[in-house]
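Novice: On the provided structure of chain A, position chain B as indicated by the hints.
Chains as they are written, first to last, in the working numbering: chain A, 1 to 298; chain B, 1 to 261.
Treat each hint with caution, since some may be false.
[Stated by the list, open to error] Computed spacing ranges between beta-carbons, pair by pair:
1. B:A34 <-> A:L18: 20 to 26 Å
2. A:K91 <-> B:I174: 30 to 36 Å
3. B:I60 <-> A:P115: 45 to 51 Å
4. B:P56 <-> A:V12: 15 to 21 Å
5. B:A176 <-> A:N89: 29 to 35 Å
I should point out that these hints are in silico values taken from the structure, not numbers from a laboratory.
Quick caveat: nothing in here was measured; it's all calculated off a predicted structure.
Note that CB positions come from ideal geometry on N, CA and C, so glycine has one too.
Letter by letter, the chains look like this.
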Amino acid sequence: MAVKVKKRRDEVVVGALLVVTLVLGLGGTLWIARGGLSRGYAMFAKFPWGAGLKQGQPVLLAGVNIGFVSDVQLVPDGTLLVNMTIKRNYKIPINSTATVEANGIFGDQLIAVTPVRATTEFLPERDTIPTGVSAPGIPDLLAKGDSIAKNVNLLTANLRSEFVDSGGIKQIRGAINDMTRLLTQITTVVTTQSRELTTTQEQVRTLLASVDEGKIDSTLTNVRAASANLEKMSRGLDSTRLQVNALIDKVNNGKGSISLLLNDPTLHTKLVGVSAQLDSLIADIKKNPRKYINLKIF
Amino acid sequence: MLTLLIRPMAGISAMLNALGKRVYYGRDMIRALAEPGTWWVEFIRQMRAIGVESVPLTVIVAAFLGGVTAFQTRYQLFAGVQVSVVGLIVRQSIVLELGPLLTALVLTGRVGARMTAEIGTMRVTEQIDALETLAYDPIAFLAVPRVLAALVMLPTLTMLANVAAITSAWLTLILATDVRTNDFVDGLRLSFNMFQVIYSLIKAVCFGFAISFVCSYQGYVTESGAEGVGKSTAIAVVIASVCILLFDAVVAAILAPFIQA
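Next comes chain A alone, as it looks inside the complex (with noise of 0.2 Å):
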């Protein structure tokens, strides 16, 4: 009897550590795999192959974790449809796009759902959210990268073959060795320059130093009297320069005998005439002197 009990003991105690571990175990990987053991409801989306999408990636509304990838099919027209399991107190608004976004730095993927703008407008169970394009993921970066690498690589090997195949590195050494020559060459004029500009201004100081102040004092006196002549000849400029003007103006006005001479053409034509007139006369009293004079004597 004693032994019964035991055996039933035993095999009650065991039945219960392998339940317990069971129910731990399997629900434990189910937890982590889906994210949660919750029930919801289900969303659709299309990604193009290579969106890299499995069974338990978390989808994600404006950042916060609403579901999971419950099934990704592969379709032949080069599409993945992915059933995803939304949580049942998650709705998704009508203006939302479905992105495959990166999740770490570790290659794992998630759905990102991001709506335009909020609404009160939600799509239905069952339906297909419009999905958008996606951020570049660490495959597209790294291609990047390789086609940078490759540019970089293309770039160095023309400088190599520009700069050092081709001499250009020696060149420019020797532009350089000639720089810091001509610099030499520079330092050293400076240096003679300054040495002699130092010189002068000794001799200055030395001439100044012996300046008499007084000789400095009349000659001061006697610039300022010439100045104050200069200055009375120029007042004296000024008036006459005044009365030119004002003259000038007299004739450019028509004032006065000078200015009708000058402004007036009829004198001039007339005077050009008498001077011909008297031309001829001169002409002709040489020609025929006898007319004009008639000299007897006696």
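Specialist: Same frame as chain A, now just chain B:
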């Protein structure tokens, strides 16, 4: 010259002899599976002895293992690395390696040594001979229940150890570091593949077989009284530990490519 060759040849011959004996022992165990009436009751008893009574030790070891792993992992992260990496590293190291391996090594001392001592004592006190006299297959009565119980209980205890270690890691992180539950859970779920749990259980099954087979065999072939029992126990624990490590390497070499999601 001949003497130089004899010693290595004798050594190789002894190894092959030992291997052959174990193969025969295995063959006898497989034959004994056909007698469930003989091993079933003992099987349940052994499951309690190996499994239920080892739960406290397993959980304590796993709890400390998980806490220390999480704590050390957090403080090895340099600035800029996302803290959810701690959850990922804790899960990978415990589920894939430390959970099954340390559970098996701990149980080698507790369960394996006990198995060898029990059977070895029965051998030296001629109880096994008495069973044979009574037409009981001693292997069906002694070895098969223990091996089957170990094959069932090691994965069970490993699963418990994994849960305990991960829970302990979480508690340690939220109480003693700046890692929050959200970060830990994010890392725990990162790149998770169901096969990682199956891999852990496959290892546990292999380790359970190693412990029970080696230790029951060593007990079965014990000689020379009490001293022989002690010697057999020590040899059994060493050989079982080495076999566990060998199985660990072999399973990793074969199945590791399938782990990653």
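Novice: Would you say the C-beta atoms of A:K91 and B:I174 sit inside 30 to 36 Å of each other?
Specialist: holds (31 Å)
Novice: So does B:I60 sit 45 to 51 Å from A:P115, Cβ to Cβ?
Specialist: holds (49 Å)
Novice: Lying within 15 to 21 Å: is that true of the beta-carbon distance B:P56 to A:V12?
Specialist: holds (18 Å)
Novice: Is 29 to 35 Å a correct range for the gap between the Cβ atoms of B:A176 and A:N89?
Specialist: Holds, at about 33 Å.
Novice: Range first: 20 to 26 Å. Now tell me if the beta carbons of B:A34 and A:L18 are that far apart.
Specialist: At roughly 25 Å between Cβ atoms, A:L18 and B:A34 fall inside 20 to 26 Å, so the hint holds.
Checked against the numbered hints listed earlier, the structure breaks none of them; every hint is satisfied.
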